[in-house]
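Listed below, chain by chain, are the residues.
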Amino acid sequence: MNTPSAVLSGTGLFKSYGMTRALAGVDIGITAGESLAVMGPSGSGKSTLLHCLAGIERPDSGEVLLDGKRIDQLREPARSELRRTAFGFVFQSGQLLPELPADENVALPLMLGGTARREAVEQARQWFGPLGLQGLESRRPGQLSGGQAQRVAIARALVGRPKVIFADEPTGALDQTTGMEVIHLLAEVSRSQGAALVVVTHDANVARWCDRTVRVRDGLLAEAHTEAETGAEANAGYRR
Amino acid sequence: MRALDRTTWALTWRLTRAGGRTGLLVTGLAVAAAAVSTTLLLLCVAMNLGFQHRSDRADWRNPVESSRPVAVEAVGTTFTRGVPVTVVDVARLPGRTAPAPPGLDRFPAPGELWVSPALGALLDRLPADRHPVPGTPTGTLGRAALTHPGELVAVVGHRSTDPAVTTPREPDPRRVGDIASPTRVASFTGAPLTDGMGGIYESLARVATVLVVVPLLVLGASAARLSVSRRDERLAALRLIGATPGRIAGLTAAEALLTGTAGALLGVVGYAVLLPVAASLPLAGGAWYPADLWIGAPPLLAVTAGVVALVVISALAGLRQVVVGPLGVARRSRSRGASAVRAVVFVVVVAVYGWITKKYGSDDSMALYAFAALFLALAVIGPWVVRLLGRIVTALAKRPATLLAGRRLLDDPKAAWRIVSGLTLAGFVAGFFALLTLDAASSWGGRPDQLAIAVPDNKVTQVRTLAEQRLHAAGVTAVIGDDGFVAQGPSDSRQVTATVSGGPADLDRARTALTGLIPDQYPITGPEVNWSEERFTRDFTTITRMVLVVTFTVAITSAGITAAAAVLDRRRTYGLLHLAGTPLRVLDAARSRETLIPVTVLAGGAVATGLLCGGSMMLAGGDSSFDARGLIVLAVCCAAGFGGILAVGALSRPLLRAVTRQAGTRGE
Chain A
449 MNTPSAVLSG TGLFKSYGMT RALAGVDIGI TAGESLAVMG PSGSGKSTLL
499 HCLAGIERPD SGEVLLDGKR IDQLREPARS ELRRTAFGFV FQSGQLLPEL
549 PADENVALPL MLGGTARREA VEQARQWFGP LGLQGLESRR PGQLSGGQAQ
599 RVAIARALVG RPKVIFADEP TGALDQTTGM EVIHLLAEVS RSQGAALVVV
649 THDANVARWC DRTVRVRDGL LAEAHTEAET GAEANAGYRR
Chain B
11 MRALDRTTWA LTWRLTRAGG RTGLLVTGLA VAAAAVSTTL LLLCVAMNLG
61 FQHRSDRADW RNPVESSRPV AVEAVGTTFT RGVPVTVVDV ARLPGRTAPA
111 PPGLDRFPAP GELWVSPALG ALLDRLPADR HPVPGTPTGT LGRAALTHPG
161 ELVAVVGHRS TDPAVTTPRE PDPRRVGDIA SPTRVASFTG APLTDGMGGI
211 YESLARVATV LVVVPLLVLG ASAARLSVSR RDERLAALRL IGATPGRIAG
261 LTAAEALLTG TAGALLGVVG YAVLLPVAAS LPLAGGAWYP ADLWIGAPPL
311 LAVTAGVVAL VVISALAGLR QVVVGPLGVA RRSRSRGASA VRAVVFVVVV
361 AVYGWITKKY GSDDSMALYA FAALFLALAV IGPWVVRLLG RIVTALAKRP
411 ATLLAGRRLL DDPKAAWRIV SGLTLAGFVA GFFALLTLDA ASSWGGRPDQ
461 LAIAVPDNKV TQVRTLAEQR LHAAGVTAVI GDDGFVAQGP SDSRQVTATV
511 SGGPADLDRA RTALTGLIPD QYPITGPEVN WSEERFTRDF TTITRMVLVV
561 TFTVAITSAG ITAAAAVLDR RRTYGLLHLA GTPLRVLDAA RSRETLIPVT
611 VLAGGAVATG LLCGGSMMLA GGDSSFDARG LIVLAVCCAA GFGGILAVGA
661 LSRPLLRAVT RQAGTRGE
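Top to bottom, those sequences are chains A and B.
If you count by the working numbering, then the first sequence holds residues 449 to 688, one letter each, in order.
If you count by the working numbering, then the second sequence holds residues 11 to 678, one letter each, in order.
Hint data in this document are derived by calculation from the structure and do not stem from the laboratory.
A couple of the hints might just be wrong.
Said to hold, decoys possible - Dumping the calculated SDA-like pairs for lysine to any residue here, alpha-carbon to alpha-carbon at most 25 angstroms:
id	chain 1	residue 1	chain 2	residue 2
1	A	K611	B	K469
2	B	K424	B	A599
3	B	K408	A	E570
4	A	K611	B	P593
5	B	K408	A	R566
6	A	K611	A	A564
7	A	K517	A	K611
8	B	K408	A	A480
9	B	K408	B	R194
10	A	K611	A	R587
11	B	K408	A	L530
Please build the complete structure, drawing on both the sequences and the hints.
Below is the structure:
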């Protein structure tokens, strides 16, 4: 699915680890401000898809385009810089540096990009209010709840104004209620910033917050759902 | 104990085997570190006991007067080419049964000469007119008579009326142990020389051991932590599925026990293998009897058990986070502080050290204890200084790498201290020895080619004539004089000197010719008065260099192991930061600064403290002459230490690259 308006797209993506094929020809695209949930059973290839789209890994074949430019052929340092400047990441847990206070954790990508420390921290603190983190700027990750820590991670993903945010099981370590709050916030803030959001999840309740859902099975995109369909599936799941 | 039941051992074995190549490497490193620590600790103990054994076997040459004597014993020291030859004159008292002196199977008959194997070989090589002792050897002295295999010792049998055992000998306070006036003894047990060189060597060995032991303990502990770093996530997973803290502690203790025991046993093997090598080191006059360096079963077991206990305790201490909560590091909410009490303790210990060295002097064992306390005090203040540095670096940081380093130092000063502690302590050792140099130059005048004898005033003319005759008969050209302060004699004595112009061989001939001219004296040159100080000075340099090499090598090795453990500890965070685009060089720079900043400040401070302590010990000992060569050695040590820390940083870089490459977006 390589639409002309896609900010990020992957075409004919193949990836194997030894004899195991993780991706078997995936075509996928996402437009600016859109949120996409990638679902699938364990080992289906969804994390590999995220890794290939985010430039963490190079596909064996196929191409990944960001704003129409190929990024899969870039060398690691260039891909690393791309991840820092054009993408944001939210992981399941453990992504915050335990010794840095929350505001410096958020400011880190800006500092890595060359922004002066004071300015970076000031910019970082501007995200604390909208994300409901006011007053927690000086706390260290160990002093935050799981939900608060994930919000700090979201702030860190957004602070560099990325084009795409990748979230791999962002609610995996949270309880249901907190998880829903976090994914809601992530989807809303990404949309308001015009950033595309790719969420890898097992949870249909997480996926329902996204505009679109794709399913990966045996390295292939099996089907696509709209937000309404995924929501219905999640509700059905609750009924069951 | 349930924590160490069969299940625990089975699980431990399974986890150890399932560790893969990295696991094997880590286990191997832990075992190797424990082995190296054990070997070197055993060698330290061996050196201490060895010097003690040597001193013990020299006791018989320090006769003790008895009210029920059976024999007479007198001791003198002559030289051959600068090497001392101890001559023990013995005579059985009439009608008494005297025991055989140590190393002999019977009491020597009058006129008999018994020599040590080394002296026997020397006598075989030299012509008779150059023999340091007259006569043909009757027998060979055994080990019980000798401090070391290369020692030159002669035992001469006399009648109880011979001048050699009846003429009083003037003791020389500059040459403790060299001369003993004829003494009526009941046995040849003797007594320890309270102010002899043996005691000084023992003190030096104790100081060297204190200096080496602490870095070795750091090495053993760091190896245990490396092992735990790799296992913590698996153990945390076990904790999550319901394993009790006791079980987790048991698993860790079991693994540490296995690696520690394997390492300690290998260390014992290493000690046994290195024993002959250590025995060949020429210290205090020559190589060792290997048996002197064999420490025996109880100390061997004690050291081995100590190393194993240290490894287990360190592993358990490193595991605290996993045991407290299964989420471990991620849930850590408070920084691990380092209270200012540590600084107070350090200042107090430095003050007490200064007071003790001033009050008791440098030779007293109190000074040794104070010194050991000071050495340990460095380990107490270290984390506090790291924390202070963390505060400063964090406040001043402009770049991400510096900020990360500063925050890390502030957050966990003890972890950063663990990396640099070995080098800090080694820096102290280098500083301590830099100024603690010895000067053995003779202050008694005399020349190396001039032999002197102290002669009573009224016999000077007669002795001069006799000396000229004997030298002429020996074919030696010499100028006879009667001035100087080389040989010790009664207050009414003067020096008769013979300045020999024909070189060392002629000096030997002259010495042989003049021996016996005065029955209570051997001719001596000026430099020979200070022979034991000169030897000690050389040995002091050798031992201090050995201590520096060992402490720096061990310190750099433990810094490398701890740096690797630190990477493994933080592999998840490093991995995720890298995935999110943080360049590897930033992570690496943060890691470097986290080590280089404290090592520069702390090792610098430790060098300064060492200089202060070494200097104060020198001044307390009444010596104010500092040797610039010590500062050169210090500079070399600093360069080696700094280079070493850069090298271990570079060596752990591939590990950092590997852990960031292996990282996935999910937890392991």
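Exercise. With a cut-off of 25 angstroms on the C-alpha distance, tell me whether K408/B and R194/B pass.
Key: violated, 82 angstroms
Quiz item: K611/A and A564/A: Cα distance at most 25 angstroms?
Solution: Satisfied, since the Cα-Cα distance of roughly 22 angstroms is no more than 25 angstroms.
Quiz item: Has the given pair, K611/A with R587/A, been kept, meaning a C-alpha gap of at most 25 angstroms?
Solution: violated, 28 angstroms
Exercise. Given the hint that K424/B pairs with A599/B, test it: the Cα-Cα distance must not exceed 25 angstroms.
Key: holds, 20 angstroms
Quiz item: K408/B and R566/A: Cα distance at most 25 angstroms?
Solution: holds, 8 angstroms
Quiz item: Can the restraint linking K517/A and K611/A be considered satisfied, given a maximum Cα separation of 25 angstroms?
Solution: holds, 13 angstroms
Quiz item: Can the restraint linking K408/B and L530/A be considered satisfied, given a maximum Cα separation of 25 angstroms?
Solution: holds, 23 angstroms
Quiz item: Is the straight-line distance between the alpha-carbon of K408/B and that of E570/A 25 angstroms or less?
Solution: Holds, at roughly 14 angstroms.
Practice problem: Verify the proposed pairing of K611/A with K469/B, using a straight-line Cα cut of 25 angstroms. | Solution: Cα-Cα ~110 angstroms, so violated.
Quiz item: Regarding the pair K408/B and A480/A, is the alpha-carbon distance no greater than 25 angstroms?
Solution: It is violated: about 34 angstroms lies between the C-alpha atoms, which goes past 25 angstroms.
Quiz prompt | Agreement of K611/A and P593/B with the hint, judged by alpha carbon distance not exceeding 25 angstroms | solution = holds, 20 angstroms
The structure fails to meet hints 1, 8, 9 and 10 from the earlier list, while all remaining hints are met.
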